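Single-letter residue listing:
2 protein chains.
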Amino acid sequence: MALVVQKYGGSSVADASCIKRVAQRIVATKKAGNDVVVIVSAMGDTTDELLDLAEQVSPLPPGRELDMLLTSGERISMALLAMAIANLGHEARSFTGSQAGVITDSTHGKARIIDVTPGRIQEAIDQGHIAIVAGFQGVSQDTKDITTLGRGGSDTTAVALAAALNADVCEIYTDVDGIFTADPRIVPAAQQIPRISYDEMMEMAACGAKILHLRCVEYARRFNLPIHVRSSFSTKEGTWVVSDPYTEGTEMEQPIISGVAHDRSEAKITVVGVPDKVGEAATIFKTLAEAEINIDMIVQNVSAAATGRTDISFTLPTADSQTALTSLKKIQPRIGFESLLFDDQIGKVSLIGAGMRSHPGVTATFFAALADAGVNIEMISTSEIRISVIVEQDGVDAAVAAAHRAFDLDADQVEAVVYGGSGR
Amino acid sequence: MALVVQKYGGSSVADASCIKRVAQRIVATKKAGNDVVVIVSAMGDTTDELLDLAEQVSPLPPGRELDMLLTSGERISMALLAMAIANLGHEARSFTGSQAGVITDSTHGKARIIDVTPGRIQEAIDQGHIAIVAGFQGVSQDTKDITTLGRGGSDTTAVALAAALNADVCEIYTDVDGIFTADPRIVPAAQQIPRISYDEMMEMAACGAKILHLRCVEYARRFNLPIHVRSSFSTKEGTWVVSDPYTEGTEMEQPIISGVAHDRSEAKITVVGVPDKVGEAATIFKTLAEAEINIDMIVQNVSAAATGRTDISFTLPTADSQTALTSLKKIQPRIGFESLLFDDQIGKVSLIGAGMRSHPGVTATFFAALADAGVNIEMISTSEIRISVIVEQDGVDAAVAAAHRAFDLDADQVEAVVYGGSGR
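Protein chains in written order, with full-length UniProt numbering: chain H, 1 to 424; chain G, 1 to 424.
It does not matter which identical chain is meant; a pair holds if it fits inside one copy or across any two.
DSBU-like, lysine-lysine: derived pairs with alpha carbons at most 35 Å apart: (1) K144 x K31; (2) K30 x K236; (3) K144 x K20; (4) K31 x K210; (5) K30 x K110; (6) K110 x K286; (7) K31 x K20; (8) K30 x K20; (9) K144 x K110; (10) K210 x K329.
These are calculated hints, taken from the structure and not from any lab test. These figures come from a predicted structure and were not determined experimentally.
Please construct the entire structure, taking both the sequences and the accompanying hints into account.
If you want it as structure tokens, here you go:
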């Protein structure tokens, strides 16, 4: 008997009929001989509706109270789901994050899980019940206040609970079939990836692939917990996220590149004419760090000997741009840089693949593909298993398609070349 | 410095602007130098909407899950109220029933409070915060599951918490000015009652006065906690419910009758031709008790010597009629009664007044008034401070108006005669 943890997002439980359909799927898993723990998000637009209510009452609601408000969303969906399961003749018990033992720090709105003590969930499993747990929420260790985990929180709840319960698999249900080699809306020939490593998945999540959140993959990696990303609208196998996808009894050959990710949510700021003295760059990034801005890529030009000045460019979430520009303006007199340039019409295109470790030609092939597609590269950043470039936003689609093709990821090629006709 | 517990019902927090108005009232109470604890119900129709959702998912939802679902309603209203207060520059903290230490038994849907351990509320008060507590909900002592208190639950939460905190007063905010001598929709000359005893208020609640629920008054009486029923739309004094309303520094003379209550929610069943043998009545009422039906009034005719048979009539909530009739049909062969009569076109009219203890003529005056109004009495029941009669439903309004007039409760008379021109 396996212990299966399943997570259903808001679109899977958007209304009563969706909830009944999900209930049938859960009961089918139970009937197949598994113990089942389900993590559920709030129904459809509930969270937005609650945020709207909060806004009507207060322009800047306290985090503690906003968390109290938002967590009512999962309370509704989980109770309804438990009812729907009971209606099918199976025992289900719903539990809040607090009841499920999801212990967090006290950072309201983006709390981090610091412990999971799932005594009540284990008890429910031992009694043969299906446990339904509210995603996205926990209780703070210090203050015993209700907290929420922020973006991607329900996925993180699922993985954390699965790890604490020593589950065999954590199934993340979504509205697509799994993780693809690129966004199918941009690359119609994109392929579903059958298996991918934690490291690659983390890079993809960090580079704009939205299906799994970075924190959830980090958590799964730490506990070596297999994640199965799959569609709640079919019973097809989805994408397995595991530690070593190419040695665990698969006949697949490792592709050089697993996927092409893109991200249009960043902007670029250039600090022009920074005096080329020790410590000036440090002052700039210390200022940005104090403003709690996450910097992504950084490029510093070689100093022009004639002027003794250099330019520093960096990318950051577009949403943080205003704060960043204001902070930098304040230190302009002290640093003595000349001006600030701002560009939010950029996009990031990233190649991710553990295979590139052993294939030195990847960068050359990538850049050649972009050049052939007429896309200019503005910035470059690399890790051991990733190459990212910043291009103008209008060039993102062409860049993604060109890279996808250049690395033989297009559908017909994949079947023939990379996966050796395994047929998955 | 006084500790004031305030309870606001669903209509007082129906939308964002209502919530902001209530927040201002709460802050005004705090600014006047009081510590404030607020109990709040779910917004407007939230509970009905949640019940509707449950119905869409399951025809017979498990009580545990229904309670989990419904308690999200107060979670929303209390968080929004805390935000609105914060917006006015005061610190507020919202607490679920469980966090507030409302410990109940495990009877989902109508749990009884068995203990209140308001450590976190006391702590919030001690820190100068305004505590906002979810009404209607608690946590079961045995299973640690979320429970709801059933009808009138938020009032009960307010009184129980006020008692546990040793509050100076529990203010129950509603959409009318207080308790009236009769329903003003039936008797336009009805007067607001300035002060009333727990005993009288309990009789009024039991006889159909809907403003305070019986359990809440029982609880207040046990802890001798003053309740102040008042309007959330004005700052006028409302009705004080206290142990002895006429000696606590008031100049008011005790009226003979405090009020006239009525109730149209009961039906009458008559068991015709019950063999006049020992134990037959007991069997009938044991059967009804086992079906969990609350009987109100009972009348047994004198046995007709010729037939050796008698008729037994009783009243019960109309909603329970079908269950009662079915249960009785089942025992008909065993008891051998002749038939069952059912009448849901009845109404109960009750006179309540501690003063009737020392005024023996009350019953005669009451019955004469009903006779003059042409209303026939079908059944009679009395307590030390109450007389109730069952009349045909069409006669209820006339009976209430006649009784109100007969005991000098009409507005102009009250000012002149009973309250001696105290002007309240």
